[in-house]
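> Take a look at the letters that make up each chain.
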Amino acid sequence: MSALAGALAFVVIGVSGPAAAQPRDDIVLGMAIEPAGLDPTIAAPVAIGQVVWQNVFEGLTRIDRDGAVQPQLAESWTISEDGRVYTFTLRQGVSFHDGAAFDSASAKFSLDRARGEASTNPQKQFFAAIDGVEAPDPSTLVVTLSRPAGNLLYWLGWPAAVMVDEGSAETNRSQPVGTGPFRFSEWRQGDRLTLTRFDGYWGDSPALSQATFRFISDAQAQVSALQSGQVDAFPEFGAPELYASFEVREEFETVVGHTELKVVAGMNGRKPPFDDVRVRRALMMAVDRQMIVDGAQSGYGEPIGSHYTPNDPGFVDLTGEIAYDPEGARALLAEAGYPDGFTATIKVPQMNYARRSSEVLQAMLAEIGVTLQIVPTEFPAAWVDQVLQRHDFDMTIVAHAEPLDIAIYAREDYYFGYDNPAFVETIRKAEETTDDEARFALYGKAQRMLAKDVPALYLFVMPKLGIWNEKLEGLWENEPIPSNDLTDVSWRE
Amino acid sequence: MSEREAGGSLARLLLGRFTGLVATLFAVTAVVFLVMQVLPGDPAAVMLGTSAQPDTLAALRAELGLDRPAVMRYGAWLAGLVTGDLGTSTTYGVPVAGLMADRLAVTLPLAGLAILLSLAVSLPLAVAAAGRRGSLVDAGVSLFAQAGVALPNFWIGLLLILFFATVWPILPSGGFPGWDAGLLPAASALVLPAIALALPQAAILTRVARSALLDTLQEDFIRSARAKGISRRRALWRHALPNALIPVVTILGLQLSFLVAGAILVENVFALPGMGQLAYQALMQRDFAVLQNVVLFFAAIVIVVNFLVDLSYLAFDPRVRA
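Protein sequence lines, in the order shown, are assigned to chains A and B.
Heads up, the first sequence is in our numbering, so the first residue is 14 and it goes up one at a time.
Heads up, the second sequence is in our numbering, so the first residue is 127 and it goes up one at a time.
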């Protein structure tokens, strides 16, 4: 399809002659957060994938703009009856940017490295089900599992599962070498990173010959960079309160999409009063989600009722499960033994969405007699230390960025302290089910359990506030996986 | 005292000061390292994020060398400092020395430009105000000084951005093209941030210089000079100003640490890849390899500048030498 479009474009340009203005073939894309290193297989920050995933690195599978799994470096696959043996047929004639060939040996190396003892892969648990990887011939990869893993193909499409070469794996952090349509060119830390088109790419050549990522954290600086044309696009603009001013301007396209970032106010279920489900439900009843979206996000964002986003396959809208009902909340609190409410602290990261949401939350909980004391907590360092690792908190608020990460509630040591064997069992079954429909039904069941038990107050999914030059085409509207996939991006005449 | 003895005591004085400088820097390394140890947060945990598992965390800590005892890591840092190896950034995965050099190429010209600007604004204003004490000019200069001290530099930066990005777009209002893009594009990117940094400093310097000038104008030697027929203007510029420079230089030295602190916000507002921004990022990421060297660098600047200010007293005021 895009080859056809390319051929058509060629004909049109050819006919109209050299006098016609050539569309630009470079892009400057703004990001609020600079990646910490460029290797998504050794560190978690989403900004890494937003630069390199699909552009520099590719996986055996990929996740498309609708969140669906598609073949990539694996052309096709077969799954054994019992769901334990995956046989992949790998694409031929693929090479890494440094000339090394991609074959089953590099695929085996990548998977063994990710699941190995010394692995620091942030999603190592995805590979836990893999029992062995074999490469019988260069284009065949056989992955044997110790138990069925219904999400394996999806996980193989994640940034953390991209294919790397043994010869360049060690230096990918600063000099990434992948099989993607763009090769790494230059990184001026703190300022910009440049990718250029890779001429030896196996697939359709991208329309862009060069892409520059610029890192601008300050919202006002983002605005002036867009206005002055220094930046062509901000796929994830940082300040909802300034967004409306771009919606009315003709030279910009503004698209409000979904991300995978679920903003939830987690409670410490290990200690009172949050170990009482009635208390957690009462707090949820006291929350008007739309008011949080309006007050903290200038109206951008979509309320959620569980740890799942509308992007995700198998999403169930559960915002009605516990609806806004302050009267009922007070009654339930009294029933739980807190007729006069209680006082608790909430550890709040410095990010705007968290700070503002917690202030609205504070006001709403005050209505039912619950006094929240906001404790600013530096994210990620202090938050990870206090909340995630030491569970030293009453309540907290944070956006969970990983797609389809509902399984965190099944982890025994996770910070919510959610203890529900039925939930753990449901997640286990879902992960072992290879039939999509049956699996999504199980994830639906898991969503309902969370909506009922409220280990965290489910608030809203963060919007993807895209702003770009109206002549740009092909940027993703939603973000089913943290990325700025540039393969289909082009300039309109 | 003979000429030679004076020279010898000067050398001893310099040597003493220099030894003090090195000892202070050494003490700073210990303090910086200790602070890093008590700072909550673990670089490995930051890198692995919210889904970190115990086994990957342990593997990453080992890879980054964080599992070694603190004393060993401190020793390795000091040894590296002596040999010029500042280590590798845990987040970026590149040598710290190169990172810092890139940032200095932005921050040093920025700070230099800010100092020049602040002197170029404050000295003429101070002379004008002191020359006509109580006049409208004096009142105007006082107002400027008041406002300049009160306004934070990042806010001045925001105003400059708003004005130059929309109303009068003759100067770049953010970003840095790099020195290889050419002297003019690079230097013009530094103008607005330098103004934002310089204004509060110029305000303080104006105040200090004005009152120092007024003090000096009361001195006998000015009266003698005036009695000999030197113009008021000449007396101000040639005789009073050099004598008023000592407090100005002292304040300038003290201000340098504020300049560095202010640079963090200003670099952020203008999206400049400078040292301030590097320090902030390293702190957020708990990139200790970068952070300890950057903090040491900032401390060294303040210490060395104070040392130079001391030396400048010797140059400006012969009485100190006695």
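Hints are supplied without guarantee of correctness; some may be wrong.
Sample of chain A residues facing chain B (criterion: CB under 7 Å; computed from the structure) [as the list claims (entries may be wrong)]:
(1) A57
(2) G203
(3) G487
It is worth saying that the hints were derived from the structure and are not from the lab.
None of these values were measured; they are calculated from a predicted model.
Where a beta carbon is used, it is the ideal one built from N, C-alpha and C, also for glycine.
> Each hint should be assessed against the structure and marked as holding or not.
Tested hints:
Satisfaction of the interface hint for A57/A is found here, the shortest Cβ-Cβ separation to chain B being roughly 3 Å, below the 7 Å cut-off. The restraint placing G203/A at the interface with chain B holds, with a minimum CB-CB distance near 3 Å, inside the 7 Å limit. The interface hint given for G487/A is broken, as the beta carbon of that residue sits about 25 Å from the closest beta carbon of chain B, more than 7 Å.
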